[in-house]
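Engineer: If you want the building blocks of each chain, they are given just below.
Protein chains: 2
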Amino acid sequence: MRRFVIGRGRNFLNRSHQQNFLSSSSSSSHCQSRFLSSTAVIDSPSSSSMAPTSSPAITVDSLNPKVLKCEYAVRGEIVSIAQRLQQELQTNPGSHSFDEILYCNIGNPQSLGQQPITFFREVLALCDHPSILDRSETQGLFSADSIERAWQILDQIPGRATGAYSHSQGIKGLRDTIAAGIEARDGFPADPNDIFLTDGASPAVHMMMQLLIRSENDGILCPIPQYPLYSASIALHGGTLVPYYLDEATGWGLETSEVKKQLEAAKAKGITVRALVVINPGNPTGQVLAEENQRAIVEFCKKEGLVLLADEVYQENVYVPEKKFHSFKKVSRSMGYGEKDISLVSFQSVSKGYYGECGKRGGYMEVTGFSPEVREQIYKVASVNLCSNISGQILASLVMSPPKVGDESYESYCAERDGILSSLARHAFNSLEGITCNKAEGAMYLFPRIQLPEKAIKAAEAEKTVPDAFYCRRLLNATGIVLVPGSGFGQVPGTWHFRCTILPQEDKIPAIVTRLTDFHKNFMDKFRN
Amino acid sequence: MRRFVIGRGRNFLNRSHQQNFLSSSSSSSHCQSRFLSSTAVIDSPSSSSMAPTSSPAITVDSLNPKVLKCEYAVRGEIVSIAQRLQQELQTNPGSHSFDEILYCNIGNPQSLGQQPITFFREVLALCDHPSILDRSETQGLFSADSIERAWQILDQIPGRATGAYSHSQGIKGLRDTIAAGIEARDGFPADPNDIFLTDGASPAVHMMMQLLIRSENDGILCPIPQYPLYSASIALHGGTLVPYYLDEATGWGLETSEVKKQLEAAKAKGITVRALVVINPGNPTGQVLAEENQRAIVEFCKKEGLVLLADEVYQENVYVPEKKFHSFKKVSRSMGYGEKDISLVSFQSVSKGYYGECGKRGGYMEVTGFSPEVREQIYKVASVNLCSNISGQILASLVMSPPKVGDESYESYCAERDGILSSLARHAFNSLEGITCNKAEGAMYLFPRIQLPEKAIKAAEAEKTVPDAFYCRRLLNATGIVLVPGSGFGQVPGTWHFRCTILPQEDKIPAIVTRLTDFHKNFMDKFRN
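Just so you know, the protein sequences line up as chains A and B, in that order. With the UniProt record's numbering as the guide, the letters of the first sequence map in order to residues 1 to 529. With the UniProt record's numbering as the guide, the letters of the second sequence map in order to residues 1 to 529.
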């Protein structure tokens, strides 16, 4: 009995269909008359297509098809089986030929025994419970610089309220610290207003996909193999993944000629390609891009008007002396390209590096080269979730500004950091017998190629399974080792891979290698052509 | 030069278009041949519609129109003006007639001086930095029960790794605690497998909208006025908000006859209504639903096959003795309805209640009455973001299981809790002179109605602004008080409101009332017809 108006007054509906609000078809505009017409309401449910007392009407077929399409291999079927096996081992020890599940499926260092950096945790604890900062016992329990840093951070938070929603981009003082960290890393200016703090890198990627994808006619260029966050996010937002292939033969090299070819092929099919995803260091492939290669990519994105989405969450994970991490922002600025030349988003996370603080859900994106109007829309999307968690925000500032020479914690911090990184570096070179694998230059994974005999492929087919998933499932059931099938990341057809993290503790590695080698030998014996 | 296959092998593409991956149009299937054809690549960028060295191609007009449609008033234009004024006050004290900005726009208690509950923060700090748990100084700094609780929680976390990604639904032991808390609250069983821990309630709401909305032909019934998270989320996911009006004349009453009428009107327009949102206690309206009313809503949803999305984040915020909070799950179970009868999602958050821990981004949804296949899809969407932050997860378990009689912290906990709730209750009854307002029975807001003279409406029109936003902007510029215009929540056309939190500290309230009253008087004098 009245029209519905939101966001603007009756006389100000300048943009019609500003939002999809359904207007009531009746027209009296006064609240008081609302219930007068209640007799006109259709009381019988028979006009509904739903049976009146049926079971719930939501079926899997009536869900958003974009959700149904989405796949996320790192937490898929294999992990479900692993969780079941783990429960069986708990309730019935000895029920399997192995006594623990070895999760090599996901970059989750602390779940595999990696310890957090003490300084970071000291600061987080003090910020959670600031009332102990002034107590004398605290000085015995916490390092002097963690106490000082906690005070600094609290002073940056309006009202020292760590339990309050912050600015939607994150606390300004923390963004200042992060921008200073980026400047120190790159040697080029960084603006705190370009930083959007997020609950890890994943929500930041979703945010950009949400902004860029209008329909399935919008494409996003992604490396293959890729981290399935990208395929999942593109599917959820209804876009099209435009694959470009990394070349296994050249250590997973990224050739702009390949990217160009795929871009043109996409255009020929009527796809508007909006952005190029680059993961550097690579996930799952572990390659570290050469600076020259990065320059070619920047040039390409500039020329083609593509947003460069740079996944740089493994920036601290480089294991070969001949390679260095260079951010795409540094590379583009060193080429003389500024705000007006290239749209660039760099993603960083507290989950990776030597910090490995996955459970804290901290991260940021640095957003450069967008117009103020577009920035406003990015801000709006960020604001709909109010803000990211404050502990994650604090941690993001800490990883970009760790202890410095002269700080009380500096030496222990360096020892902890270097211990973690050198352990990862050692594992990165553990090639697996019977399986060919490119050297992991960076990140946290091996992505070896396995040769599967035709008989195994047939057996997989009979089980309606992809051959590499078939392999991983049998491996899990036989050894308790959890890997991710290469098909979850994409691979050249006819080739099969799996992803294995390099994270397990030193003392587990020999067992993993032995079990995997034994399994592989038995598998090959069983399925030899 | 090769086909792209992901997620399943070449021979196993049973469901075609499983995801929108663009296949390269060429057909050779071997990696080795990849670069042989590179001469066939179109090198000239002239075929592109982008100018070769133009500025970035992303404009606001080429963004996802769903994002452009989305509005989020609680962080909209008024807040931007407030942030600018605050900066001006900082850099140039005395530049305005007020000396501070009073944020009454958002339920953000700790930003207005509310202190966190000590016990909760003690536990969080100890879980962040467990290595101090065994130290003797810790016993002097922390309560015995917080130390004990931290141990309990750490024992529930695999490997005591608070820095690891958890199960995508959240740590199982914490979900056990939450389920036990729900059982104690409702007197009906709760299953930890029904709990999905989330970074606050907002991502949980987005998740459900993402699952339910397929196109603009899918509708979600929402109360008007509503919390703009709902309109924003429905817009972002491309659905249609089907409004049902709360009746201001009867204290913002919710009549199922009105809901029924709107449902039928929507159906007549070809909209498939999928779910009904109920916010109880109400936001921004503050009403607490009577149990009888809730039963009618449950009956309605069951009959019509609608998912009941119950926003119950203000369950601890009830200020009138004659009203009690009853969860919709309790109500439906007490009617004899179980899993097979009604699909029900209850949202809870650590941001509200007496805890007010907005910055921690903790919360959960309890999901009941969906088939295993649908549950699997909900799990998949949750898993794409890996997990919610662990501190938020811990806090969600704490608010559902606070200290008990006999615990060392019990008395101080009760004193802190009761102090906060009684302060809120006092503010809830502060009616504002010159403006009519329903009693706030619950939640954290007043939603008063303002009578605006025709001359003010004309003046707003001249400024291309909605009249209530015009009012709020002038109020902010004159007094530093930040309110949210009613148009951000929806209101019956021709009526104007604003939302004001009841959160400011005791000592600020008189100033707010005085300034608001003076402003209102001057405003009316200026614009009197």
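Calculated directly from the structure, the hints in this document are not laboratory data. Fair warning: there could be bad hints in the mix.
Mimicking DSBU-like on lysine-lysine, the simulated pairs with C-alpha atoms at most 30 Å apart in a straight line are [claimed, not checked]:
| hint | chain 1 | residue 1 | chain 2 | residue 2 |
| --- | --- | --- | --- | --- |
| 1 | B | 340 | A | 69 |
| 2 | B | 439 | A | 69 |
| 3 | B | 455 | B | 526 |
| 4 | A | 69 | B | 260 |
| 5 | B | 380 | A | 458 |
| 6 | B | 324 | A | 69 |
| 7 | B | 330 | B | 404 |
| 8 | A | 380 | B | 380 |
| 9 | A | 69 | A | 380 |
| 10 | A | 439 | A | 324 |
| 11 | A | 69 | B | 69 |
| 12 | A | 464 | B | 380 |
| 13 | B | 323 | B | 404 |
| 14 | A | 380 | B | 303 |
| 15 | B | 323 | B | 455 |
| 16 | B | 172 | B | 260 |
| 17 | A | 269 | A | 69 |
| 18 | A | 269 | B | 69 |
| 19 | B | 521 | B | 508 |
| 20 | A | 380 | A | 340 |
| 21 | B | 69 | A | 380 |
| 22 | A | 69 | B | 455 |
| 23 | B | 404 | B | 464 |
| 24 | A | 508 | B | 172 |
| 25 | A | 439 | A | 340 |
| 26 | A | 380 | A | 330 |
| 27 | A | 455 | A | 526 |
| 28 | A | 172 | B | 508 |
| 29 | B | 69 | A | 172 |
| 30 | B | 380 | B | 324 |
| 31 | A | 172 | A | 404 |
| 32 | B | 323 | A | 267 |
| 33 | B | 455 | A | 340 |
| 34 | A | 267 | A | 69 |
| 35 | A | 172 | A | 260 |
Some chain B residues judged to face chain A by a derived CB distance under 7 Å, without partners named [to be verified]:
| hint | residue |
| --- | --- |
| 36 | 108 |
| 37 | 116 |
| 38 | 373 |
C-beta: ideal position from N, C-alpha, C; glycine also.
Engineer: Determine for every hint whether it applies to the structure shown.
Structural biologist: Status of each hint after checking the structure:
1. B:340 to A:69: holds, 26 Å
2. B:439 to A:69: violated, 47 Å
3. B:455 to B:526: holds, 9 Å
4. A:69 to B:260: violated, 34 Å
5. B:380 to A:458: holds, 29 Å
6. B:324 to A:69: Violated. Residue 324 (chain B) to residue 69 (chain A) sits at ~43 Å, over the 30 Å cutoff.
7. B:330 to B:404: holds, 23 Å
8. A:380 to B:380: holds, 26 Å
9. A:69 to A:380: holds, 27 Å
10. A:439 to A:324: holds, 15 Å
11. A:69 to B:69: Holds, at about 25 Å.
12. A:464 to B:380: holds, 21 Å
13. B:323 to B:404: holds, 24 Å
14. A:380 to B:303: violated, 37 Å
15. B:323 to B:455: violated, 41 Å
16. B:172 to B:260: Not satisfied, since the Cα-Cα distance of roughly 39 Å exceeds 30 Å.
17. A:269 to A:69: Between residue 269 (chain A) and residue 69 (chain A) the Cα gap is close to 21 Å, so the pair holds against 30 Å.
18. A:269 to B:69: Holds, because 29 Å separates the two Cα atoms, which is no more than 30 Å.
19. B:521 to B:508: holds, 20 Å
20. A:380 to A:340: Roughly 22 Å between the alpha carbons, so the hint for residue 380 (chain A) and residue 340 (chain A) holds.
21. B:69 to A:380: This hinted pair holds, its Cα atoms lying about 11 Å apart.
22. A:69 to B:455: violated, 54 Å
23. B:404 to B:464: violated, 56 Å
24. A:508 to B:172: The given pair, whose Cα atoms are some 25 Å apart, holds under the 30 Å limit.
25. A:439 to A:340: Between residue 439 (chain A) and residue 340 (chain A) the Cα gap is close to 38 Å, so the pair fails against 30 Å, i.e. violated.
26. A:380 to A:330: holds, 27 Å
27. A:455 to A:526: holds, 9 Å
28. A:172 to B:508: Holds, at about 25 Å.
29. B:69 to A:172: Given pair residue 69 (chain B), residue 172 (chain A) holds - Cα atoms ~28 Å apart, limit 30 Å.
30. B:380 to B:324: violated, 36 Å
31. A:172 to A:404: Measuring from Cα to Cα gives roughly 22 Å; hence the hint holds.
32. B:323 to A:267: violated, 62 Å
33. B:455 to A:340: The hint is violated at about 45 Å.
34. A:267 to A:69: Status holds; Cα separation ~23 Å.
35. A:172 to A:260: Violated, at about 39 Å.
36. 108: holds, 5 Å
37. 116: With Cβ-Cβ at 5 Å, under 7 Å, it holds.
38. 373: holds, 4 Å
Taken one by one, the earlier hints fail for this structure at numbers 2, 4, 6, 14, 15, 16, 22, 23, 25, 30, 32, 33, 35, listed in ascending order.
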